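Based on the provided sequences and hints, a complete structural model is requested.
2 protein chains.
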Amino acid sequence: MAEVKLHGFWYSPFTFRVMWTLKLKDIPYQNIEEDRYNKSLELLQYNPVYKKTPVLVHNGKPLCESMLIVEYIDEIWPHNSLLPADPYERALARFWVKYADDVFSAGAACYLGNNGEEREKDIEKVWEHLMVVENQCLGDQKKFFGGDTINMVDLAFGSIVKFLLVVEDILEVKVLKDEKFPHLHSWYNNFKEVPVIKENLPEHEKIVAFLKFHREKRLASC
Amino acid sequence: MAEVKLHGFWYSPFTFRVMWTLKLKDIPYQNIEEDRYNKSLELLQYNPVYKKTPVLVHNGKPLCESMLIVEYIDEIWPHNSLLPADPYERALARFWVKYADDVFSAGAACYLGNNGEEREKDIEKVWEHLMVVENQCLGDQKKFFGGDTINMVDLAFGSIVKFLLVVEDILEVKVLKDEKFPHLHSWYNNFKEVPVIKENLPEHEKIVAFLKFHREKRLASC
Numbered sequence: 001m002a003e004v005k006l007h008g009f010w011y012s013p014f015t016f017r018v019m020w021t022l023k024l025k026d027i028p029y030q031n032i033e034e035d036r037y038n039k040s041l042e043l044l045q046y047n048p049v050y051k052k053t054p055v056l057v058h059n060g061k062p063l064c065e066s067m068l069i070v071e072y073i074d075e076i077w078p079h080n081s082l083l084p085a086d087p088y089e090r091a092l093a094r095f096w097v098k099y100a101d102d103v104f105s106a107g108a109a110c111y112l113g114n115n116g117e118e119r120e121k122d123i124e125k126v127w128e129h130l131m132v133v134e135n136q137c138l139g140d141q142k143k144f145f146g147g148d149t150i151n152m153v154d155l156a157f158g159s160i161v162k163f164l165l166v167v168e169d170i171l172e173v174k175v176l177k178d179e180k181f182p183h184l185h186s187w188y189n190n191f192k193e194v195p196v197i198k199e200n201l202p203e204h205e206k207i208v209a210f211l212k213f214h215r216e217k218r219l220a221s222c
Numbered sequence: 001m002a003e004v005k006l007h008g009f010w011y012s013p014f015t016f017r018v019m020w021t022l023k024l025k026d027i028p029y030q031n032i033e034e035d036r037y038n039k040s041l042e043l044l045q046y047n048p049v050y051k052k053t054p055v056l057v058h059n060g061k062p063l064c065e066s067m068l069i070v071e072y073i074d075e076i077w078p079h080n081s082l083l084p085a086d087p088y089e090r091a092l093a094r095f096w097v098k099y100a101d102d103v104f105s106a107g108a109a110c111y112l113g114n115n116g117e118e119r120e121k122d123i124e125k126v127w128e129h130l131m132v133v134e135n136q137c138l139g140d141q142k143k144f145f146g147g148d149t150i151n152m153v154d155l156a157f158g159s160i161v162k163f164l165l166v167v168e169d170i171l172e173v174k175v176l177k178d179e180k181f182p183h184l185h186s187w188y189n190n191f192k193e194v195p196v197i198k199e200n201l202p203e204h205e206k207i208v209a210f211l212k213f214h215r216e217k218r219l220a221s222c
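Chains A and B, in that order, give the protein sequences.
Numbered per UniProt numbering, the first sequence finishes at 222, counting up by one with no gaps.
Numbered per UniProt numbering, the second sequence finishes at 222, counting up by one with no gaps.
A hint or two may mislead.
For chains that are exact copies, the list does not tell them apart, and a pair is met inside one copy or across any two.
Unchecked claim - Taking lysine to aspartate or glutamate pairs in the DMTMM-like style, the calculated list, with each CA pair at most 25 Å apart, reads:
id, residue 1, residue 2
1, 192, 169
2, 52, 3
3, 174, 148
4, 61, 118
5, 180, 199
6, 52, 89
7, 212, 148
8, 61, 86
Derived from the structure by calculation, the hints contain no laboratory data.
If you're wondering where the values come from, they're calculated on a predicted model, not measured in any experiment.
The following block contains the structure:
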């Protein structure tokens, strides 16, 4: 039995976070691809509260919630640390990690919404959130959120920005406008060039095609 | 200048969490009572993202989000620790702390909703969440979530259960039914008898009267 198992979806930003963390720390693990419409019995047992991926199983013990898993991995395998050493910086990092969930929720509303007049409002909501990140979190134009190396905030936002870029292509609208979010663009360009991220980012067109198909299926059944 | 300042609302479950943490660790602090309708300039500067209480200011540096503050305090002042020492137990504690937010959201929907037919559905939603806590988190009937002493999960849920008891009295409905949630009742009875909690829990009737007044004002303006 592998010591570490990851139950996830290959196209999920939340799975990316855990997968990247394991790769950044060079931790061998068994990947267990879950089927959204036919989840494994193990997954349902491991995450009885939300029944969601990702779930990390370490020595038989399951853990849920992507960023809590990232933090756990960082505590167990502290090399290439993803959390700031200073308690205040660590607390700020946790604040922005939490904020990344707000950005995701706004992006998910665009993805889940139909093509009607609500779309513009949904996009404006995403912009509001991204502007907070642009001005308040990335305002001093560091290479990464954590400074010179990536940390948990980069993983939290990197996965969400990737999702937003996928949503752009599905909806055929520009969400992450370069002129609106120059710091965010500059940061994402740095982020996606980190070798581990670059080598472990599922193919963009494949994610777009997969999520577009499921979005249309969902809208047709509404 | 005091080293530690807490900007909060005397009636807010989120402020309770930080106030209890400071009291449990015997940390002197300056309490700054905020006015919900006329927040201080400091608060708006300290929490520009959410503009919400509580905010802890430690040596001039502000921190937001109640449970992130609790965790920060625990890292800076590690005596009477509120986090499990074992990384796996710590991750589980963080999972339940996160879940407490879901319970609060369900309770807040009851509080914010009107008196119409949606009420029953709102209460059922709270029950669903409390049943998860009853069966999956408190199933083995420990004295506290953390075992023999209270930890961050107790603070997270204690504040929310207090809020639900207030909501019960405002709406004149029984939400936390004894027969439905025996473990939860038994735990809350232990929790509210902890001297620091008992001595630092604002008067129930006063919170009920205050929130009832504001709820009615809000509903009248809808």
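Hint by hint, here is what the structure shows:
no., hint, verdict
1, 192 to 169, "within (18 Å within a copy, 53 Å between copies)"
2, 52 to 3, "within (21 Å within a copy, 42 Å between copies)"
3, 174 to 148, "neither (29 Å within a copy, 54 Å between copies)"
4, 61 to 118, "neither (43 Å within a copy, 40 Å between copies)"
5, 180 to 199, "neither (28 Å within a copy, 51 Å between copies)"
6, 52 to 89, "between (30 Å within a copy, 20 Å between copies)"
7, 212 to 148, "neither (36 Å within a copy, 51 Å between copies)"
8, 61 to 86, "between (29 Å within a copy, 13 Å between copies)"
The structure shown violates the earlier hints numbered 3, 4, 5 and 7.
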